[in-house]
Structures are given as structure tokens and as C-alpha cells.
Amino acid sequence: LEADRGTIFDRDGRELALTIEATTIYANPREISDPGLTAAALSGLLGRPVGELQADFEKDTSFVHVARKLLRDEADAIRELDLDGLHFIAEPKRVYPSGDLAAQVLGFVGTDNGGLEGVEQMYEDVLAGEPGQLVFERSGRGRVIPQGEYEVREAVRGQDIELTIDGELQFFAQQEAVATMEETGAKAVHIVVLDVTTFEVLAMASAPTFDPNHIGSDADLFRNRVVTDTFEPGSTQKLITVAAAIEEGIVTPETTFEVPDSIEVFDREYFDFTEHETQDMTVADIVAGSSNVGTILVWQELGDPLLYRYLQGFGLGTYSGIDFPGEVPGLVRPAEEWCESCGASTSIGYRVAVTPLQMTSVFATVGNDGVWMQPQVVDAIIEEDGESAQPNQQNQRVLSVETAEVMRTLLTGVVETGTGQLAQVPGYSVGGKTGTTEKFEPDLTCPGTTVPGCYGDDVVASFIGIGPSDDPRLAIGVFVDSPRADKKRTGGVAAAPAFSRVMRFALHQLGVPPDAR
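Residue numbers (the working numbering): 7 to 523.
Keep in mind that the hints are not guaranteed to be accurate.
Label-pair ranges, simulated between beta-carbon atoms [to be verified]:
| id | residue 1 | residue 2 | range |
| --- | --- | --- | --- |
| 1 | H220 | T262 | 58 to 64 Å |
| 2 | A491 | V457 | 24 to 30 Å |
| 3 | D286 | N398 | 47 to 53 Å |
| 4 | E21 | E143 | 37 to 43 Å |
No lab work stands behind these hints: they were computed from the structure. Note that CB positions come from ideal geometry on N, CA and C, so glycine has one too.
Work the whole structure out from these sequences, hints included.
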């Protein structure tokens with residue numbers, strides 16, 4: 007006897023996944039006098055070929071499944087046929103009342119109610135409960151003996167789980183992901199919303215997605231790419247390079263560099279996005295304008311060992327520890343393995359593989375006064391007595407409070423006067439960073455070489471930010487995978503507008519008042 011799975015709720019108690027009673031129909035072929043007629047009567051109602059059903063009904067056995075976990079109306083239509091040899095038993099069925107809402111977070115279950123993806127899989131032992139057992143005597147022809155032995159051990163229902171997900175914010179983020187994908191012609195769009203004081207995941211949305219009530223066969227849609235897929239972050243990682251240099255006392259926001267429009271570092275040449283004459287730029291200017299060359303000049307003062315240490319401190323190259331299956335750690339090679347120009351590439355966000363969740367957590371750390379925390383998607387496991395067990399959470403200080411405040415000011419400058427102006431939120435001061443990264447294609451061969459692996463034409467355009475700037479509540483990351491070449495291609499154009507809309511909705515959802523003007 008299957009146990010009812012525990013219910014999965016959002017943070018406000020809305021049911022996202024629950025179990026209802028369904029009906030499974032099985033047949034005893036030895037009790038069916040006319041298999042062909044019975045099969046013809048059922049075929050239209052079940053959507054199964056007559057020949058397939060007839061073959062089942064002609065088997066020399068006392069049990070074959072006819073249909074699993076039908077809803078009440080479907081089962082009643084078959085009951086009304088009053089066919090010999092059919093039997094009806096109650097079984098639990100998992101349903102997702104909000105359709106595709108948070109589908110890649112929730113996951114889904116198999117026919118036998120075992121978790122196969124997402125939270126359903128990660129918390130299988132908690133949600134599944136304990137099956138019961140029904141034992142009874144049957145005759146040689148498979149009929150139940152009315153006065154025979156009969157024993158029932160009731161199933162034990164699984165425990166409930168409450169997620170950190172805000173259902174309304176999740177819905178809005180999913181709508182924005184779809185709209186951004188259509189607007190930019192992208193292959194996919196991912197949006198992450200973190201509470202900067204708790205690192206709770208308030209929304210984790212991807213487009214395209216799927217409906218766990220009807221999962222289909224496209225397995226690529228099932229995985230939660232926010233934690234399972236990596237990319238090179240590009241300019242959003244410049245935050246780490248600059249923050250490390252400020253924390254170590256190497257530069258201040260007012261430190262000035264003479265910045266050309268290109269720079270050679272050993273065997274490689276690096277360029278700024280827009281050609282310009284050599285000019286004096288402060289660190290604040292370098293961040294606001296997202297200067298590759300300026301950031302590399304900061305790195306030359308910082309050095310590889312310190313840059314590597316801060317990449318680690320911000321959680322890159324390691325598992326975040328989020329309670330979710332399939333998370334990958336990304337890749338940050340040890341500094342002693344770096345080539346002579348590797349530090350320059352790393353300082354501007356190449357040669358590092360990260361997940362969208364990891365990069366959003368970097369900005370949440372700045373919003374949280376320099377403290378990184380383990381992201382959480384499960385808020386509580388509800389015990390039998392009604393009390394809840396909270397997951398353990400790790401944390402570590404990466405920056406001083408003072409450096410975090412300085413970085414928030416620099417990020418605000420990006421939005422007010424720099425590359426992220428389309429991320430502005432009416433009524434609120436916010437900060438963030440744009441990113442536009444060429445995608446490395448392992449199967450592509452660059453001109454003039456026979457070695458596989460080359461940067462192609464596709465990019466990942468991103469914007470990650472925090473708000474409000476003075477008293478951060480949220481960190482939001484928007485990641486646009488492969489916008490079309492004839493569409494919006496940069497993070498400041500492809501991703502920043504969605505950030506603005508999601509941040510505004512989220513701040514309203516949390517009841518955060520607008521800035522005092």
C-alpha cells in the first residue's frame with residue numbers, strides 16, 4: 007500500500023505539490039470471457055490500442071495493469087461499463103496544482119511515486135513516508151476468499167516540506183524569463199532572487215520549462231540549470247577583482263590608472279568593449295564603464311594568489327551546499343596552475359566556470375555586509391508533532407563591512423551612470439554589474455588550428471544586482487543564454503531590463519518602501 011507523499015508548500019503555505027486519491031484499474035484475464043470485446047470497450051476511454059489491450063487480456067495470469075492512477079471522472083466512466091474481470095483499487099497520485107510554477111525546483115515523481123528530479127528527489131526519504139501492506143487469501147483462480155485471512159498494515163504518510171520560494175514572485179520571475187527569451191531570441195533565460203540577509207532562494211526561474219503533471223520526453227527541460235549548468239561569468243566577476251584589491255588596501259575607489267584601449271599581457275592582447283583614447287580612469291570609473299583593460303591593471307597590482315583566494319572566498323569553484331540534487335561546483339583552477347596571462351583573463355571573468363546561483367551569491371555577499379552564506383531552498387521540514395526542523399546553514403566572512411559598503415557604492419554607479427542604466431528601478435536606488443561573455447564551444451575549431459575548442463559567436467548576457475543600495479534586501483541575477491545576433495546582445499541591454507522589473511516587483515512584494523527623496 008503506497009504511502010501518501012508529504013505536501014510541498016511555498017513560504018506562504020501555498021500547496022505546490024500534493025497527493026490526491028486516484029484509481030488504478032487492473033484485470034484478471036482468467037475472469038474475462040471475451041478479451042476482444044472488453045478491449046474494444048476500453049480502448050477509446052484509455053487511449054490504448056485495441057490489439058494491445060486484447061493481448062493483455064489473453065495472458066495466462068491473474069493480474070495485468072489496465073490503467074494507473076486515473077482521476078475520479080476517468081475511473082467512473084469505466085466503472086459504468088460494468089465489465090467482467092476489471093478491479094479498481096485506490097492509489098495516491100502526485101499532482102502539481104500550479105502547473106509549471108517552480109517545476110525545475112520541485113521536480114517530479116515516477117509512476118510509483120518515487121522522486122525523480124528536484125526537491126522531490128533530494129528529499130525522497132522525508133517525503134515518501136513508509137508503505138503499508140494488505141495481505142489476503144485468494145483461490146486458485148485469483149478470487150478473494152471472503153472468509154480467508156486478512157491483514158492490513160496502514161501506510162505512514164510522508165512529512166511536509168516548506169520551501170523558501172515565494173509563489174507570487176516565482177510566477178512573476180517565470181513570466182519575465184519567458185518574455186526576455188522571446189524579446190532577445192535567446193535559447194534560454196534564468197532568473198535567481200536571493201534574500202541577502204538569509205540567502206534564501208525566493209525565486210529560481212528558467213525558460214523554457216515544463217509541466218510536472220505532464221512531463222513529456224524532453225529531459226533537457228527537467229534539470230534546474232541555475233545549479234547544474236556553468237558558464238564563464240565575464241564582467242560580473244570584475245566585482246571580485248576590485249573588491250579584493252580594495253579589501254587588501256591596494257586601491258581605493260579614487261585610485262587612478264592610465265587606461266589605454268588595449269593591453270598586452272605576455273602572449274595575449276586584451277581590449278575594451280568600445281575603442282577609446284588612453285585616458286585617466288579611477289577605480290570607480292573602471293567599474294562603471296566595465297573596462298577590461300582597467301580591471302587588468304588592478305589585477306596587476308593584486309596578483310594571482312590573492313585573486314584566487316577571493317574567488318574561493320566568494321564560493322566559486324566549490325559546491326554552494328544548497329539542498330538540491332545535481333549541483334555542480336564549477337571550476338577555478340589553483341593559482342599555481344595559472345599561465346602567465348591566465349590571471350588577466352581570470353580577472354575579467356574568463357577561465358572560470360560558475361553557476362548562475364554562485365554568481366548571484368557573490369552579489370548577495372556584498373549586500374550582506376561581506377558575509378557569504380549557504381543558499382537555501384528548503385525552509386523547514388514539518389515534523390509529525392507540527393514542529394519544524396530547520397536545515398543547517400554555513401557562512402563565512404569574505405569582505406569587511408567597510409569594503410562591502412564601498413562596493414555597493416561602486417555598483418550603484420554602474421546603474422546610475424555606467425553600463426547598467428537600463429537596470430534602474432523607479433523609486434529605488436539599486437546597484438549591479440553587467441556581463442557579456444563569449445561562449446566556449448568545445449567542438450568548434452578555431453581558424454588556423456586543428457585543436458578542438460574555440461570561442462564561438464554565441465554569448466551569455468547577464469546582469470546581477472542588489473537593492474535597495476543603502477539597505478540591501480535582495481540580490482537578483484538575470485542570465486540570457488545565446489541571444490540572437492540581430493537582437494539585444496549585451497548584459498546591459500538584454501538582461502538589465504528584466505532585472506529592473508523583477509526587482510521592482512520583489513521590493514513591492516516584500517513591502518520595502520521607496521527611497522526617501
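Going through the hints against the structure:
no.: 1; hint: H220 / T262: 58 to 64 Å; in the structure: holds (60 Å)
no.: 2; hint: A491 / V457: 24 to 30 Å; in the structure: holds (25 Å)
no.: 3; hint: D286 / N398: 47 to 53 Å; in the structure: holds (49 Å)
no.: 4; hint: E21 / E143: 37 to 43 Å; in the structure: holds (40 Å)
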